[in-house]
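Colleague: Here's the letter readout for the chains.
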Amino acid sequence: MGRELSGRPLWALIFVFLAAQTWFASEFRGLRMAIEEIPPPPTARALEAMALGDEEFLFRYLGRWIEFVGDGGGRLRALRFYDYDRVVNWMEALDRLDADRSDLVHMAAAHYFGAITTAVDPQHSKLRKIVDYLRAVGTRDPARFWPWLVWDSDKARWPIGDSALIVEIARDLQSPKLKDPRVPAWVRVLPAHLFHVAGDDNAARDAQAHIAPEDLAEVAEMHRRLNEGVAKSMRK
Amino acid sequence: MRATFRYVLLTAIRDRFPIAIIVALMAVTAVCVLIASSTLTEGRQTGLAYAGEFDRGILVLGLVTFISFHVRSLHETREIEAILSRPISRGAFVLAYYAAFAVLAMALTVVTAPLLMAGLAATGVGLAEWEASMVLESWVVAALALFCAMALSSATAAVLVGLGFYLLGRTAQFFLAIAVSGTGASENQGMAAGAQGVMAVIATVMPRLDLFSQSRWLVYGPGGGWGLGVLLLQAAIYIPLLLLATARDLQVKRF
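Protein chains in written order, with our numbering: chain A, 1 to 236; chain B, 237 to 491.
Keep in mind the hints are simulated off the structure, nothing from the lab. Everything numeric in this text was worked out from a predicted model, so none of it was measured. We put the beta carbon where it would ideally sit given N, CA and C, even for glycine. It is possible that part of the hints are untrue.
As the list claims (entries may be wrong) - Footprint (simulated), chain B over chain A, 3 or more residues, beta carbon under 8 Å:
| no. | region |
| --- | --- |
| 1 | 56-65 |
| 2 | 104-110 |
| 3 | 192-202 |
Unchecked claim - Cβ pair distances, simulated, as ranges:
| no. | chain 1 | residue 1 | chain 2 | residue 2 | range |
| --- | --- | --- | --- | --- | --- |
| 4 | B | A472 | A | E218 | 27 to 37 Å |
| 5 | A | H193 | B | V347 | 36 to 46 Å |
| 6 | A | I14 | B | R322 | 26 to 36 Å |
| 7 | A | D100 | B | L468 | 48 to 58 Å |
| 8 | B | A472 | A | E221 | 56 to 66 Å |
| 9 | A | L216 | B | S274 | 35 to 45 Å |
| 10 | B | R326 | A | T22 | 54 to 64 Å |
| 11 | A | R77 | B | A266 | 24 to 34 Å |
| 12 | B | V267 | A | R77 | 19 to 29 Å |
| 13 | A | L13 | B | A266 | 31 to 41 Å |
| 14 | B | S274 | A | R86 | 21 to 31 Å |
| 15 | A | E37 | B | L396 | 41 to 51 Å |
Stated by the list, open to error - Taking beta-carbon pairs under 8 Å as the criterion, some of the chain B residues facing chain A (in silico):
| no. | residue |
| --- | --- |
| 16 | Q281 |
| 17 | H306 |
| 18 | S309 |
| 19 | V455 |
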């Protein structure tokens, strides 16, 4: 080989390659990976293999991934382009991974995927899938996951506007498991109102008649405190 | 023995190994705090699960790499011959070396607790259990890395084999479960039985590393079917096994 490269020629070459790299970086800055599409969920066995023994980490990792899927660094994939069957399959797989202890995936279902608007989902077919998923979650453990049944009842009234679905959810909310002290009284009072909204007055009267007096008293007290608070803020 | 112990600790400090690991743990905690703050809900729990896994990754990778290259440099600089020329048995040499690595591993593992407490408000028995479990896991990994580094003549090979061994320790039971359930890829009964036999042997000789350092202890607290007793038993069986194998390997080597 010839003489060793050193001194100015070496520095000159370094600067040449640095300049080339600067050019390359600016020239190809626009190149980005495609926004991620939701693949079909792995099987329970594949998830077990991926977890390497630490299922909670995998649950949190994939739960966070599902929250941000479609966010391609400043570019977003609109919810209308998602396959909601796959979304729900993923969420069910993740629930199994965490043994139904966390609300992470349910929050993503309700507040991210469930935020799809009527303008892009006029038949509410995608929203219904989320409602069905959260209904399954809520009925599995009503005392723990009652907020999702309430969320479902709200979506069933509007924008879906399906009386039959409202009645079904009202019946879910009549579960004896909701007599748990962790559940607020207004949740047990809600079915009567839902039956009324759905136009089933007989069921509404029946539900009303079965409300425990202490629940009614607690709701009345809640109303009184609420009205007092409103009156106070009006005076200010 | 004490001189060997001090020598290892001093070389670790000289190589900036502890400070490099501490900086990496701090950086990872900061990243996990960022992940936690950008999560829609249950940010703290998500951050804790991430931090638990990443801390474990850093500690395992750091220990395997450091021990492999450290032992290899001992051979290359012929320091090992100088050490063994002193009145110290090869078994005592392995024990002293391992004790130093174990102290180093424990010291670095203990650093994770204040980081998790400060960055992600980790508290309680769950953190203590995870921390104790991580110490035990780091001891198993240190013994594993020492064995690979002593047995293999290349540091790169030692790192790769050590990490492969670790990965197998975390997956062997899962693959055995597949082989036993008979729902593997092969329809051939003979092949399935063969796979089951092979996996049974591998799963028997591998440490149950999949049981250690569960992130769910950080998130939900202790529980989930097993606790520190099982891990302590596994460590108490596997660490001496690896150290004895290392001592045996050293005894048959010619310097």
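Colleague: Compare the structure with each hint and give your call.
Modeller: Going down the list of hints, with the structure as the test:
1. With a threshold of 8 Å between beta carbons, the proposed coverage of the region 56-65 of chain A by chain B holds, since 7 of its residues qualify and at least three are required.
2. Using a Cβ-Cβ cut-off of 8 Å, 3 residues of the region 104-110 of chain A lie near chain B, which meets the minimum of three, so the contact claim holds.
3. Chain B is given as covering the region 192-202 of chain A, and this is violated because 0 residues of the stretch bring a CB closer than 8 Å to a CB of that chain, at least three being needed.
4. A beta carbon spacing of about 56 Å between A472(B) and E218(A) contradicts the range 27 to 37 Å that was offered as a hint.
5. Restraint check, H193(A) to V347(B): a C-beta distance of roughly 55 Å breaks the suggested window 36 to 46 Å.
6. The hint said 26 to 36 Å for the Cβ distance between I14(A) and R322(B), and at roughly 49 Å that hint is violated.
7. Separated by about 30 Å at the C-beta atoms, D100(A) and L468(B) break the suggested range of 48 to 58 Å.
8. Hint check: A472(B) to E221(A), Cβ distance near 59 Å, so the stated range 56 to 66 Å holds.
9. For L216(A) paired with S274(B), a C-beta distance near 43 Å keeps the hint of 35 to 45 Å intact.
10. Remark: the range hint 54 to 64 Å for R326(B) to T22(A) is upheld by a beta-carbon distance near 56 Å.
11. At roughly 29 Å, the beta carbons of R77(A) and A266(B) sit within the given window of 24 to 34 Å.
12. Distance hint check: the CB atoms of V267(B) and R77(A) are about 25 Å apart, consistent with the given range 19 to 29 Å.
13. Restraint check, L13(A) to A266(B): a C-beta distance of roughly 37 Å satisfies the suggested window 31 to 41 Å.
14. Between S274(B) and R86(A) the beta carbons are some 24 Å apart, a value that agrees with the proposed interval 21 to 31 Å.
15. Taking the beta carbon of each, E37(A) and L396(B) are about 34 Å apart, not inside 41 to 51 Å as hinted.
16. Here the hint on Q281(B) is kept, as its CB sits about 7 Å from the closest CB of chain A, short of 8 Å.
17. Because the beta carbon of H306(B) sits about 26 Å from the nearest beta carbon in chain A, more than 8 Å, this interface hint is broken.
18. Checking S309(B) against chain A by beta carbon gives a least distance of about 28 Å; that is not within 8 Å, so the hint is violated.
19. For V455(B), the shortest C-beta to C-beta distance to chain A is roughly 6 Å, which falls under 8 Å, so the interface hint holds.
The structure is inconsistent with the numbered hints 3, 4, 5, 6, 7, 15, 17, 18, although it conforms to all the rest.
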